[in-house]
Each structure stands twice: as structure tokens, then as C-alpha cells.
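Colleague: Could you put together the complete structure from these sequences and hints?
Given next are the chains, with one letter for each unit.
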Amino acid sequence: MLRVISTPSGGRHQLADGVSLLPAGERELLAAVGYALFDVPSRGLGSAGQVEIEFESPLDRRPYVAQRAVDVAQHWQIVDPETGWQAAFGPEDAGLWLRRHFQVDDDVSLSRLFRDLLCFSIPASLGLLTSERGWRDRRFSDLLLMDRYPKGLRSVSAVRETMERHWHELTAEARLLEGQDSLFDDFRREHDVAQGRLLEAEEQLSGLSRQLDLAQERAERHAALSLDLDRVREELQAGRRMAAALEVRLERWQAALSLREQAQTRMAEHQQDWTDFQAACGEIARLRAQLAEVEALRGELSAVTSEQVAAQRGEAHLQADHDRIAAAEREAVELAEQVHKQQQLEQQLALAQERSLRLDFIHRQVQENLADAKRLEVLAAEVERQIVDLEALGAQQASLKKLEQALETAFGQLRDASRQVDQIHFLDGAIRVTSGQLDELRRGISATERLSASPLGPGGAVQAAERTLAGHLREALDRHLDALERLVRDWQNESRRLADAAQQVNVLRSNIHQLQQELEAVRKNEFKLGGLPALKQHRKQLREQINQLKQAYDLLLKHQQECADGPARVSNLRQEIAGLGEPRSQRLAALSLVARKETVESEIRQLQRAKQELDDRHTELASRLSVLAEAEASLRASEHKRDETQLGYDAYLTQRGLFEITAEAPDQLLDCQSQIQAQMRLVEEWEARETGLCEAIRELSAAPLEVISLRARSADTEVVVERCKAAYDQAREKLSTAEENRERLEQRRRDVARHERATALLSQARSAVDEGGRKLGELLRSRVAEVGTGYLRALLPESDAKLAWAWDAAPGLSKTGIFRPAEDLAGPEAAALVLALRLALVRNASQVRCVFVSGLDGWSQATALGRRLAPLSDFDQFVVLPAV
Amino acid sequence: MRTSFLHLADVRLGYHDPADPRGSAEQLGKQFRFVIDYALEQRVSFVVFAGDLFDSPQVDPAAFQVALRGLSRLAEKGVAAIAIRGRHEVVRPGGELTWYEMLSDEGLVVLLAPQIRARDMALERWTRRELGGSFFDLGRSRLFGMPYYGAMTGVLLPALADAIVALDNRETDFRMVLLHAQLEHFSEEVGPKLSYGDLLLLRRHVDYVALGSCQSTYDAEGWVYNPGPGGFFHVSVDTVVQPKHAARYVAYPEAISLRWPPAPRVGAPRHSDEERLFDEIATSGTGTPAERALKRDLIRLVTESVWGGGDIGQLEVRLLEAAARG
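Those sequence lines, one after another, are chains V and Z. Okay, so the first sequence: first residue is 1 according to our numbering, each after it adds one. Okay, so the second sequence: first residue is 885 according to our numbering, each after it adds one.
The set of hints was computed from the structure by calculation and includes no laboratory data. Check each hint, because a few of them may be wrong.
What the hints assert, rightly or not - Within a straight-line C-alpha distance of at most 25 Å, the following computed SDA-like cross-link-like pairs (lysine to any residue) qualify:
#1 V:Lys558 / V:Ala398
#2 V:Lys402 / V:Glu384
#3 V:Lys611 / V:Leu625
#4 V:Lys775 / Z:Asp1163
#5 V:Lys151 / Z:Asp1163
#6 V:Lys401 / V:Gly530
#7 V:Lys151 / Z:Pro1173
#8 V:Lys540 / V:Glu377
#9 V:Lys775 / Z:Gly1151
#10 V:Lys775 / Z:Arg1184
#11 V:Lys775 / Z:Val1201
#12 V:Lys802 / V:Ser141
#13 V:Lys802 / V:Ala352
#14 Z:Lys1128 / Z:Ala1104
#15 V:Lys611 / V:Leu301
#16 V:Lys550 / V:Lys734
#17 V:Lys341 / V:Asp192
#18 V:Lys374 / V:Ala568
#19 V:Lys151 / Z:Ala1152
#20 V:Lys151 / Z:Leu1161
#21 V:Lys402 / V:Ser510
#22 V:Lys151 / Z:Arg1184
#23 V:Lys775 / Z:Trp1191
#24 V:Lys775 / Z:Ala1152
#25 V:Lys734 / V:Asp192
#26 V:Lys524 / V:Lys734
#27 V:Lys775 / Z:Pro1173
#28 V:Lys151 / Z:Ala1104
#29 V:Lys536 / V:Ala398
#30 V:Lys775 / Z:Leu1161
#31 V:Lys802 / Z:Asp1163
Unchecked claim - Restraint-style ranges between C-beta atoms, simulated for each label pair:
#32 V:Arg783 / Z:Arg1024: 15 to 21 Å
#33 V:Glu164 / Z:Glu1164: 50 to 56 Å
#34 V:Phe819 / Z:Glu1164: 46 to 52 Å
Ideal placement from N, C-alpha and C gives every residue a C-beta, glycine not left out.
Modeller: Pasting the structure below:
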């Protein structure tokens, strides 16, 4: 498990698997392990530096490094050397990490694990086995990590003592409260008496209060009735005033009724005049309406007469137009022949004009053709010139290959020359190096010369051999020197021979540059020559176009000759047409007149029909005018009669107006009478109410005085009630104090009972914990014994050896069914028993695979400890500590 | 993308059962040949070994011959074999060439391991020229591998997650990680445990976590798988559907199965023994069930107050409360 331990003092110790003997005086290593892996205080490690432990984790069987500074205990970290990453840092994190990897229970500290379990001494452990029982049991309880049970039981006992003390206190308090509770009945009686008095006084007060409320209610009613009486009296006055006003109105309507009866009598007297006047006026109106259309009939008659005259005149005009149309019809027939002749001449003129136009078109085409031909000829000449130039360049193109060959040759020469320059540089370097070697050799020669020239000393034979050796060395050096000098000379000759290589390189470079320029120019020409076939093709196309233009020109000339007489013929024909005048327009004018012939004839017919209708209308109007003259005479007679009945009619209208004005007098009279009666009834009602109110007020007139009296009595009673209440409060307070005291007493009695029960429960729990501890101790002892038996059988040759450990006994060796305590065992057997026991205790507490054992020296030599420990697969390392 | 592969772990070729050294070696050889036949028959694309292919860094020739022949058959058919070192294959620094490295040099096994730097982790593509790397691309699948780092695995996982995120994974449809670690709460064996919370750092970037180092077979949320030594997972991948893979556990036939000695289990802590004993004491006495329950509560109350982190000063108060209730 542990690989390397590095201490602050610079010590570094490697540990292998199996048994390792820690050298004497290296207790610092143990302290370092305890400090870095088990958080044991750093005693014995100095005051500065760092502890570093390389170890293998029992959890994942991987190597880790624990580092912890001695002077700063917080600087504690676990590092994974394979990745270089921190696995844990800081005391808390590192402690937790180590606890998890060592698989230690949370309630066991690492330092205790190290001190009590991982480090042990065989003699001390043997002494423990043979010690007296009490101390031995406590110590094994510690080693089984069960020490918390006695501590826990002690804590429980302390708690029980505390609880008993509390129980005594509660009991004493309860007794005190019992003494105070003896006065409880007296307080209750006093309370009941005070309560009765208070209730009586309060009842009296409440009776007075009810009377006072009634009296106040009556007083309020008295005040309200007085207000009602005032209001009723005001209403009564108003009702009486209203009745007087209605009586005045009644008298006025009685006068209007008598006037109406007089008007009715007079209307009957003028009734006949009124009727006649009405009839005359109606007749006059009818006749006037009849005579109103006389003027219209006269106007209409004159209009019909004027229309008759206009129709006669229009007929005459139309007849004249009809005559002119007949003359124009005859003239159109005569002009038709001249028009035909003119049309023939115009057709001839159109043909002549077409030929003239074609002549102009051909002329323009000829001009364009000539221009195109000229342009193409110029273009062809230019193409021809370019072709001639390019054909001249073609001759130069033949030198391209020569130039490329020359350039390639120059490049080859340049490479050779460059190589020669490099060779020169190499030779110069080699000459320098070889010259250095020559100098060294020369110094060696001088040294050998001194050696060979030194005089013989006391050991003459040895020095002679050295001189002979120096002679041989000198000869070899000379030969080497000659060879190197020859080599240097050869190189110098070669260097001189190649001395002009650099100049040659410059010349070749300038030649190459010139050749490259020439080559570039020739390559440009080559590019131009690439366009020669295209130019020749273009020339051919231009020639073909020129030939086509010439053919077109010939054709145009032929057409021009054919159309040459076109303009002269046009001129002649135009003169002939002008000689004919305008027969077409004249004919058109005549024909336009002839076209109106039918229209004029139909108009004449319509006019004749209208003329007949006008004659009929004139006759009808004349007859209607004669009837109207008779009506005028009747009108004058009716107007005379109307004037005669005018006065009677006016009188009738006056009386009728008076009658109608007084039409509502009967209804109003009746209405006034009913209103007066209603008002009188209201007045009577108010008078009756006034009487009732006066009587009621009289009955309630004593209420205000009664209120004042009752208030005074209530105040007196309230004083009495207050006095009773104070007495009652005092009694109640005493009673409540007594009740509280009784409640506290009950509470204390319950507390006492509860404490008694809690103490009993605690005792019960304590005994259960005690029993649990014993059972756990038995369980752990049996487990340790089982594991230890496995270890014991590896350590002892006997296969039936067994580690036995009962609850109330010390561990011992059982062989063939016979139990032997440690004090009865011999040295190796006792040591094996102790070792097996301690290893099993370690395994019980953790999975750490390394233990530190002391006092094993003699036994290890006797029993080949390493060989015996090898089968213990639960442990990798047994570090044997030297005896102190 | 569709593919399929086998996930094995803890094959431990070269293991010898002390009770039957020869028989156990033969059974392991048969199991390995069964795996190879199965892989070729099912035409899987690759086979992953999540640690402990061998029982130790230096195995005996017979065991190595089994591995060599099987892996050669896979290589002949173009089936890649990808592996990481497990707990039993850890090589001490400065060690000589191991059989594992020899197989890797011969191109029979792709051995994956990340480059761990001072503060982070670098992932390099495995190349045939270097015969080393941290991840291996097979078509559109990418396989990351981290060998056994014991308790440091959990510490290194965030760095691995960061390194995976830093890579350009856009051209990959299926990513898996090979780890040799036990998952907390899934394994009761002694050893460092990896918490599922640590693994969740990879959840968004990895589609399959291939674990090893535990004898029991388990899978966690269809994402983390541990086949154990009794068989292997045959995983079919189809990245078009969700979930992207379907894993089927294939146990070795009974005829070639091997009875492994039970791995050391994590011992029950001392307090569980105490609780059991106190329960026995509480239930052993006479009295009604309510009285026994009160007794158990009292014991718990006292033990908690005395050494369970409770306040001894409060014990009286709590006892009085218990007395009032009772």
C-alpha cells in the first residue's frame, strides 16, 4: 500500500509489499505516515518542510500521492500522479477522501485508527490479553470501536439524575400549591354573595332604565304632536282662503251664461239674411270661375289664326324648293360623262407616279451600293496590309527554338558554375578546418619531441619504452601531417582553378536575362501570328461581299433605265386633268340637291295635314266664346243680390261670435261649484284634526317632567351598582387566583407523574442500550474471532487452531476443542494469536492494507515471518518497527 | 444511419479459478469464440470491450492465443474491435510492452485513451499511423474511450464532457463512450463508484455509455449499460428513430457459462448492525405492539441523542414529550 515516504528532513524511504523492516532511528517515517495519511499531529517532524507519501488506495488499487506541509497543516492534498490532477485538497476534503478510500466509519477518526489499531506492539497487546478484566474489557471496547457505549450510558445516567432532580423540585412545588388551595371554598362563597348583590342592583337599574326609555319616548311624542298641530293650523288658514277665491270665480261665470242666452235669441232674427248672402256669394264665385277661361280661349283663337297663316307661307316655300331639285336632277345627268373621263386620266397619272418613285429609290440604292463597295475595299486593303506584315513576322518565328536551346544551355552552365562556387566555399571551409588540425598535429609533434628528448630518470626501462612509443607516435603524426598538407595543397589548387566560377556565374546570369527578354518578344510575335488564319478568312469574306455589291449595282442600273420617262408623263397627265375643271364636285353638288327631293315632298304633305287641323280648332273655339257671354249676364244679377243682404249677414256674425265666446260658461260654472264643495270638506277635515291633536297634546303634557325625575333615580342606582361591582371584582379576583392555583396544582401533579414516567422510560431505554451494546460486542467479537481465525491458521502450522473470544472472557487460542488463554501460550503461539487478533481488529475498523508492528523482531527471525504473512491477502504490507 | 455492435466487458481472458484453473480457462476461451462467431454471424460493424479483456496486463500464452485468433477473425471480416484498459489491465508507469499493446500494434484492437493535461483533457482521433488516439470514427459513429482511472473517473468526467463538446461532432450521428467504472446504486461491489449525476454531464452529447468493471448486468435509463461477465449486449443502431439504439442482452449458453466467485461486497456499516440489534431488543420483550413501538422509539431517541448527532440536552424534553404521548 505504501510505496515511498518522503520526510521534511529530506529522507526518502521506499517500501515494498510484504514485510519491511523500518531501520532504527527512522521513527520519523512513521510520524510522516501518520501526519500525511491519518491526520496525526506532526510531532517529531520538525517545524518546516513537507511530507509526501506515495501510496496505493485500497479502494481502487491506484497510486496516489499525499502531500502535507508541516508548518501549515491546512496545506494537505491528494494528487493522482498518473493524471497530475488533485483528488482532494484541504484538511476536510482530504480527510473525507482518505476516510472513503480506507473505508472507515464516519464516527471513527483517522488519527485514532492509526494510533490504536494500525500501530500496535505485540508485547503490549500480549500484556493487554493477560491484564485484569476491567481494564482489559475497556481497552478491547476501544479497539472494537465500541467506547461510545459506556460514554453514552454515562450520559444517559446524567440525564436521569437531572430528571430526578427536576422531579423533586416539582413535588415540592406541588405541596406548596396544595396548602394554598385550602382557602378555595371561602373565596368561592364570598364571590357568590357579591355576585348576587351585583345582579340585584343591576336588575333595579335596568328597570329604571326601561321606565326612562318609555318616558323619553312620550316626551318625544309630545314634541312631535306640537309640531303637527302648528302645521295643521297653517293648512286650515290656506284652505279657507282658497274657498273664498272660488266663490268670486263662480259669480263671474254666472254673468257669462246670461250673455250667451241673449246672443242666441238675436241670431235667430238674422238667420234669413245670412242664408241669402251665402247663396249669392257662391253663385258669384261659380260664374267668375267659369268666365276665367274666356281670355284663354280668345288667346288660343288668335294663336290658331296665326298658325294658319304660317302654314300657308311654308307650303309656298316648299313648293319652290321642289322646283329647284328637279332642275338639279337634270344637270347631274349631264355631268356624269365628264367625270368618267377624269377618272381614266387619274389612273394613268398613278402609274406614271409609281415609275417616278421607283426611279428615285433605285437612285438611292445605287448611291448606297457605291458607298458600301468603297468601304469594303478600304477594309480589304487594311486586312491585306496586316497579312503582309504577319507573313513577314513568320520568318522571325523560326529563331524561337534556337533561343530556347540557348537559354537551356545557359541554365546548365549556370548550374555548373554555381556548383563550382559551392565547391569553392566547401574547399575553403575544409582548408580552414584542416589547417586547424594541422596546427593541433604540429603541437602534438612538438609534445612528442619533448617527450622523446627528455633525459632518462631512475626507472630507465620504463622511460625508454615511453620514448620508443613517442618515436612511433611522432612518426605516425608526421605521416598524418604530410598527408593533410598534401590534401590542403590539392584543395588550394582546386580552389584556384575554380576561382573564376563566381565571375562566370554573373556573366551567365546576364546572358540568361537577355535571352529571356528575346524569348519573351518572340513569344509575343507568336501570339500575333496565331491571328493570321483569321485575317485571311476575313479577307476572303470581304472579297465575296464586294462581288455581291457589284452584281447588285448592275441590276439597279438596268431598272433605272426602264423608269427614266416617269416624271415627264406625270407632268402631261396633270395638265390634262386640270383642263377638265371640277365636274366631280359640280355633280356632287347637284346630286346632294336631288337627294333632298323625297324629304321636301313629305314635308309638303305634313304641312297640308296641319293646316286642316288648325281650321277645325278655330271653329270649335268660336262656339265656346258665345256660351261665355251669357254667363257674364248672370254674374251681374248675383252681385246685386249680395249687396242687398250684406247688413243682416254682419249682425248675424256678431251674435254668433258672442255665443261661441261664452260656450264654456256652463261647464266652468259647474266646475267652480264642485271645487267650492271639495274645499269646504277639506277645511272641515283640518278642523277635526286640529281638535284631535289638541286633545293628545293635553294628555302628554306631563312626560318631560317624568323624564327628569327618572334620570335622577337612575344616577342614584348606578352608584349603587358600581359599588356592588367593585365588591364583586374583588371577590372574583380572589377566586380566579385560587382557581389558577388549583390549575397549577393539577399541572404540577401531572408534571410529577410525567417525570416519573419519563424517568422510568429512560431507565428502560438505558437498559435496552446496555443490552444492545452487549449484543453488538458479542457480534463484533465473533466476527473478529472468525476473521482472526483465518489469519491465525496462516500464521500457525496447525490447521485446527482457532481464535476464540467470548463476551466476558479474554481472547484465546482454541485447538482441538481446548481453549487456552494467552497466559498459557508459548512465545510463537502467543505472538501469532496477538498478531491475528490485531489484524482482525484492523480489518474490523477499515480496509487499510498496511500495519505497523513492533516487538516482532525475535519471532520474525524464528518463524520466517514474511513467508507466513504472504497468504494474508487482506494485507499488503507489514512494517516492522524497531524496538525503542 | 444504421449499424450494430456488441458491447462486452470484464471478459478477463487468462483468469484461473483456483478451484478449477484449467476448466475456467477453457470456458473463457469458449465464451470468447462464441462472441466472435456471434459477431460474424450477425454481421455487426464493430465490437467494443469496456475494459478487462484480459485478467492481467501479462497473460499466459494460451489466453493470448484465444484473443489473437478471435480478434484476427474479426479483422479479416472487417469488424473493428475497440477497447479500453480496465482495472485488471492497469500497467504501472515504466512497464514494458504488454500483450494489449502488441495487439494494438498489430492493428487488431483500437485502444482508446484521452490525453490528460494539467487542467483539461485533449481528444485526438485514433490513427493507424500513430496506433493511438482518444476517439475512433466508424462511418457516422464516433467512439470515445477512457480507461480505468478509479476514483478519479468522476473527477475527469467534466473534462471529458468539455472535450467532447469542443470537438466538431456534426458529421456524426451516433456517439458512445467507453468507461470502466461502477455506477453508484447499481453495483454493490467494493470499489470506487461513479454517480449518475456525474454521468449526466455526457447526456446531451453521447447516445450510449458502455460501462464495465461490475459483475452484475444492468442498464440505466436506456443509456448506460453494463453487461457483466455473463454475457454481452447486442446493440442495433438506427439514428432515424428515437431512441437511436436498442440493446438486447445475450447471455452465454449454459454449457459455456462460468461461475465467477462473488466479488467482495461493500460491508454493511456498523450503524445498520446496531439498528438491527436494537430492533430485535425492542420486539423481543413482552407487551402490546404499541408498547413495543414505544420502546423502539425510546431506544432510537436515546441513541440519537447520545451519539446520533442529536443534542443530549434535549433528551429530557423529548422524553417528557414521549411520556405525555404514552
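Colleague: Please go over all the hints and tell whether each is borne out by the structure.
Modeller: Results for each hint:
1. V:Lys558 / V:Ala398: violated, 55 Å
2. V:Lys402 / V:Glu384: At roughly 30 Å apart (the allowed maximum being 25 Å), glutamate 384 of chain V and lysine 402 of chain V break the hint.
3. V:Lys611 / V:Leu625: OK: lysine 611 of chain V and leucine 625 of chain V at ~22 Å, within 25 Å.
4. V:Lys775 / Z:Asp1163: holds, 12 Å
5. V:Lys151 / Z:Asp1163: holds, 21 Å
6. V:Lys401 / V:Gly530: holds, 17 Å
7. V:Lys151 / Z:Pro1173: violated, 31 Å
8. V:Lys540 / V:Glu377: Satisfied, since the Cα-Cα distance of roughly 12 Å is no more than 25 Å.
9. V:Lys775 / Z:Gly1151: OK: lysine 775 of chain V and glycine 1151 of chain Z at ~19 Å, within 25 Å.
10. V:Lys775 / Z:Arg1184: Holds, because 16 Å separates the two Cα atoms, which is no more than 25 Å.
11. V:Lys775 / Z:Val1201: Not satisfied, since the Cα-Cα distance of roughly 29 Å exceeds 25 Å.
12. V:Lys802 / V:Ser141: Between lysine 802 of chain V and serine 141 of chain V the Cα gap is close to 21 Å, so the pair holds against 25 Å.
13. V:Lys802 / V:Ala352: violated, 157 Å
14. Z:Lys1128 / Z:Ala1104: Given that 25 Å is the threshold and the Cα spacing comes to 15 Å, the pair holds.
15. V:Lys611 / V:Leu301: holds, 14 Å
16. V:Lys550 / V:Lys734: violated, 158 Å
17. V:Lys341 / V:Asp192: Violated: lysine 341 of chain V and aspartate 192 of chain V sit about 166 Å apart, past 25 Å.
18. V:Lys374 / V:Ala568: Answer violated: lysine 374 of chain V to alanine 568 of chain V is near 34 Å, above 25 Å.
19. V:Lys151 / Z:Ala1152: With a Cα-Cα distance of about 24 Å, the restraint between lysine 151 of chain V and alanine 1152 of chain Z holds, given a limit of 25 Å.
20. V:Lys151 / Z:Leu1161: holds, 19 Å
21. V:Lys402 / V:Ser510: holds, 18 Å
22. V:Lys151 / Z:Arg1184: Distance ~16 Å between lysine 151 of chain V and arginine 1184 of chain Z Cα, so the pair holds.
23. V:Lys775 / Z:Trp1191: holds, 18 Å
24. V:Lys775 / Z:Ala1152: holds, 17 Å
25. V:Lys734 / V:Asp192: holds, 12 Å
26. V:Lys524 / V:Lys734: Violated, at roughly 139 Å.
27. V:Lys775 / Z:Pro1173: holds, 23 Å
28. V:Lys151 / Z:Ala1104: Measuring from Cα to Cα gives roughly 45 Å; hence the hint is violated.
29. V:Lys536 / V:Ala398: Holds. Lysine 536 of chain V to alanine 398 of chain V sits at ~21 Å (cutoff 25 Å).
30. V:Lys775 / Z:Leu1161: Holds, at roughly 7 Å.
31. V:Lys802 / Z:Asp1163: violated, 31 Å
32. V:Arg783 / Z:Arg1024: 15 to 21 Å: About 56 Å separates the Cβ atoms of arginine 783 of chain V and arginine 1024 of chain Z, which means 15 to 21 Å is violated.
33. V:Glu164 / Z:Glu1164: 50 to 56 Å: violated, 30 Å
34. V:Phe819 / Z:Glu1164: 46 to 52 Å: Given a distance of about 28 Å, which is not inside 46 to 52 Å, the answer is violated.
Of the numbered hints given earlier, the model fails hints 1, 2, 7, 11, 13, 16, 17, 18, 26, 28, 31, 32, 33 and 34; all others are met.
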